[in-house]
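**Q** The hints should help you fit chain B onto chain A, whose structure is shown.
2 protein chains.
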Amino acid sequence: MPFDLVIHNGTIVTVNPEFEIIENGIICIKKDKITRVAAVADDRPPPQAKEIIDAGGGIIMPGLVNTHTHLPMTLFRGLADDLPLDTWLNETIFPAESTHINSESVRWGTLLACAEMIISGTTTCCDGYFLEGDVALAVNDFGMRAVLGQGVIDYPAPGVPDPAANVETAKAYVVEWKDISSKIMPSIFCHTPYTCSEETLTKAKSVSQELGALFQIHAAETKDERNRFLSEYQMTPIDYLDKLGILDQNTLLVHCIWLNKADIEIIAARQSKVSHNPESNMKLASGISPLSRLVNYGIPIGLGTDGCASNNNLDLFQEMDMAAKLHKASTLDPTVMDARTVLKMTTIDAARAIGLDDVIGSLEPGKQADIVIVDTNQPHLVPMYHPESHIVYAAKGSDVRDVMVAGNILVRDGKLLTVDLDAIIDRVNEIASNIRV
Amino acid sequence: MPFDLVIHNGTIVTVNPEFEIIENGIICIKKDKITRVAAVADDRPPPQAKEIIDAGGGIIMPGLVNTHTHLPMTLFRGLADDLPLDTWLNETIFPAESTHINSESVRWGTLLACAEMIISGTTTCCDGYFLEGDVALAVNDFGMRAVLGQGVIDYPAPGVPDPAANVETAKAYVVEWKDISSKIMPSIFCHTPYTCSEETLTKAKSVSQELGALFQIHAAETKDERNRFLSEYQMTPIDYLDKLGILDQNTLLVHCIWLNKADIEIIAARQSKVSHNPESNMKLASGISPLSRLVNYGIPIGLGTDGCASNNNLDLFQEMDMAAKLHKASTLDPTVMDARTVLKMTTIDAARAIGLDDVIGSLEPGKQADIVIVDTNQPHLVPMYHPESHIVYAAKGSDVRDVMVAGNILVRDGKLLTVDLDAIIDRVNEIASNIRV
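Sequences listed follow chains A and B, in order.
Following numbering that gives the first Met the number 0, the numbering of the first sequence begins with 0 at its first residue and continues without gaps.
Following numbering that gives the first Met the number 0, the numbering of the second sequence begins with 0 at its first residue and continues without gaps.
Next up, chain A with everything else stripped away, as it sits in the complex (with noise of 0.2 Å):
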């Protein structure tokens, strides 16, 4: 046989640097890599292969890309809502964790986490959290591709109950999963510029730089945050980190909201990436982040869902809406976010924030076969007129017919394949029994 897999009968959205979109398309798979990306003749059958999937007339498009979650954190998913930030923190979520979060939780909350993400399309996820060994060990055994951050932060926190071992305990992690999946990157997760010291912040970068791991943390989310770097240090949070050294190529910020000009300069020099969180940002009453200005810039811009606690999702297509239109209102522009330009912040430009875009983020022969089918046959995808709109403003995590991660098929017909999602499903409800309070 020629192919492993071939998909046929599709529209392929292939996010290819033309921005191809063919009509009746195929791909062709071996391995784990996609060989084949091309029109068909209407009446030519499909080449041979183990195994033929026909789209069905649906859109065939590549995996989604998640650039910032906090898996585990489907946990607390709907704990506390609508509550001012502090009282959201510190009266329910860093006692939650301290209380619940231990290895056996991290994995049950990883794994339904991982359950939502593919039924919905996403096939890769960068993540920070604690206890990250276990996150990757549940995330490998699930089948998913993710950069995984372990959480560094100069106070006790779950498995890590000395903050002074923080950066030692990261290393470790890298080092241990450096070498043990092609689909796991090991990464280091700095918590946030306020709560990790000058020391702590440049030995771990420090340890990242040395190890190629991609260097994360949440800079920037709050005006609180800026306002004390303002009146502490005189400096913005992003220039404090540039001036430590922070930033470089190999650094992803989440959030960005409250930047100046200078920021976004600093940003863009310094080659960084950035992870943009609308649904958190807005659920958290954070604020608007300049985002058509940071595309202006070239900075490589992926979207991210943040943690459920804050969402309460996982959806990257809801996320996708939210992004196209929330810019529009808040700069009363309808042409800014256009969804192309959202449809690449979930895939190739994702991809490159998080380091893989040679890897993963576009449908072109060589790449990995991390493929999304989505089935238009339904009432809010009729008609169809542009399917990268349609992928942007009509579809939902729900659409997803079929999902692969590196040639392996995971989701057949909306069902996960290799995983027993009751199971999942029963023990995070037994947890949670104990969190309901």
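Hints are supplied without guarantee of correctness; some may be wrong.
Chain copies aren't distinguished; within one or between two, either way the pair holds.
Stated by the list, open to error - Calculated cross-link-like contacts (lysine to any residue; reagent style SDA-like; alpha-carbon spacing at most 20 Å):
{"hint": "1", "residue 1": "Lys222", "residue 2": "Leu331"}
{"hint": "2", "residue 1": "Lys260", "residue 2": "Gly365"}
{"hint": "3", "residue 1": "Lys414", "residue 2": "Asp374"}
{"hint": "4", "residue 1": "Lys49", "residue 2": "Phe2"}
{"hint": "5", "residue 1": "Lys222", "residue 2": "Asp332"}
{"hint": "6", "residue 1": "Lys222", "residue 2": "Thr334"}
{"hint": "7", "residue 1": "Lys222", "residue 2": "Val335"}
{"hint": "8", "residue 1": "Lys30", "residue 2": "Glu363"}
Derived by calculation from the structure, the hints in this document are not laboratory data.
All values derive from a computational prediction rather than experimental measurement.
**A** Structure of chain B alone, referenced to chain A:
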């Protein structure tokens, strides 16, 4: 049999005045009405009924109410996005309407809209379009509940080639449909304060008063509109409408973005109602309504999706999520538009906005049996701490399992029972193949 239908084994979100949530609840229905809503002991079997529905541990809630639609515009879903308002309207939507809108296309576009709405949990809508008699026929055939407004505009429009006949046409339509069906309430929909003259507005309002029909109008949608009224009349659009005597408790003002404090006070004093359409307002970059201030004045507000050319879907679950998050971001206050407030805006408050709060909008004895069951046994709805939080922040229209209107089951296990969806989709695709350019 004491009851025609009994629903049990679910969490009832009643949206009654106490916002009661009944964990293991039962609802009994006789003919088209709810006769009993109660908690049941775990071990007691449900009472006898002709039909018993097991909600499977999901959420049982009132059918959602969409306070602003242009149903036939499903035909133009995604035809043109990301364009300046003028280009979008004048170069795409208006030409498409003048060429492709006729009795036949209105019927199929409306049936598609009904399919999309009912399958995603919307049981009532408030529409405004042309050829509204054809809309009414389709909605009535489909079996949904609706307030349906015949469009009035001082330009030639589909079905009204001579604008001089616009109010008479609307009047004839209201008279015709007044008593045909208990589920169809005819209404008059004036397009805007600037596309209808003073004479047209006052004539239309007087007909709506005479016939007891809801008067709808787009108002204060864009900054341009406000500036135009300020420069031409030295009045805001709301002030202008008030001076003409248009504002009373039977007036639904759609959009209401560009309001000052005096406008809000006028709307409150006249007891007029507001339809808030965040997704459309965002996508067209019209602006962000000062909604939390309207809430503080006690103005009845219902959410709406607007038409599919500016959203691009009719999913009220997504609209709730957007409404809750948008106003938190724009006010930098995470406590505004909490889940209960938002859920009321698609149920009881939406019903109030269109004059149907005695009939629908909550699950209470005596109300119509317009009921939705949400399937919560899904990865993105686990765990569940607060059902109203899930409804607003995590659920999607696709999570709706069963839907009934006036006790008639229209959706079961996510499938439409009473119409041939494939036939509707095929016919709309055929119509759209001529619209495609």
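**Q** Checking lysine 222 and threonine 334: alpha-carbon separation at most 20 Å within a copy, between copies, both or neither?
**A** For lysine 222 and threonine 334, only the inter-copy Cα distance (17 Å) is at most 20 Å; the intra-copy one is 28 Å.
**Q** At most 20 Å between alpha carbons: which applies to lysine 222 and leucine 331, within, between, both or neither?
**A** Classified as between; 10 Å across copies, 22 Å inside a copy.
**Q** At most 20 Å between CA atoms: does that hold for lysine 222 and aspartate 332 within a copy, between copies, both, or neither?
**A** between (24 Å within a copy, 12 Å between copies)
**Q** When no copy is specified for lysine 30 and glutamate 363, does a C-alpha distance of 20 Å or less occur within a copy, between copies, both, or neither?
**A** within (15 Å within a copy, 58 Å between copies)
**Q** At most 20 Å between CA atoms: does that hold for lysine 260 and glycine 365 within a copy, between copies, both, or neither?
**A** Answer is neither: 39 Å inside a copy and 60 Å across each miss the 20 Å cutoff.
**Q** Taking 20 Å as the upper bound on the Cα-Cα distance, should lysine 49 and phenylalanine 2 be classified as within, between, both, or neither?
**A** Close inside one copy (7 Å), not across copies (56 Å); limit 20 Å.
**Q** Check lysine 222 against valine 335 for me: Cα-Cα at most 20 Å, and say if that holds within a copy, between copies, both or neither.
**A** So lysine 222 and valine 335 pass the 20 Å test across copies only (18 Å; inside, 24 Å).
**Q** Taking 20 Å as the upper bound on the Cα-Cα distance, should lysine 414 and aspartate 374 be classified as within, between, both, or neither?
**A** both (13 Å within a copy, 15 Å between copies)
Of the hints listed earlier, the one the structure fails to meet is number 2.
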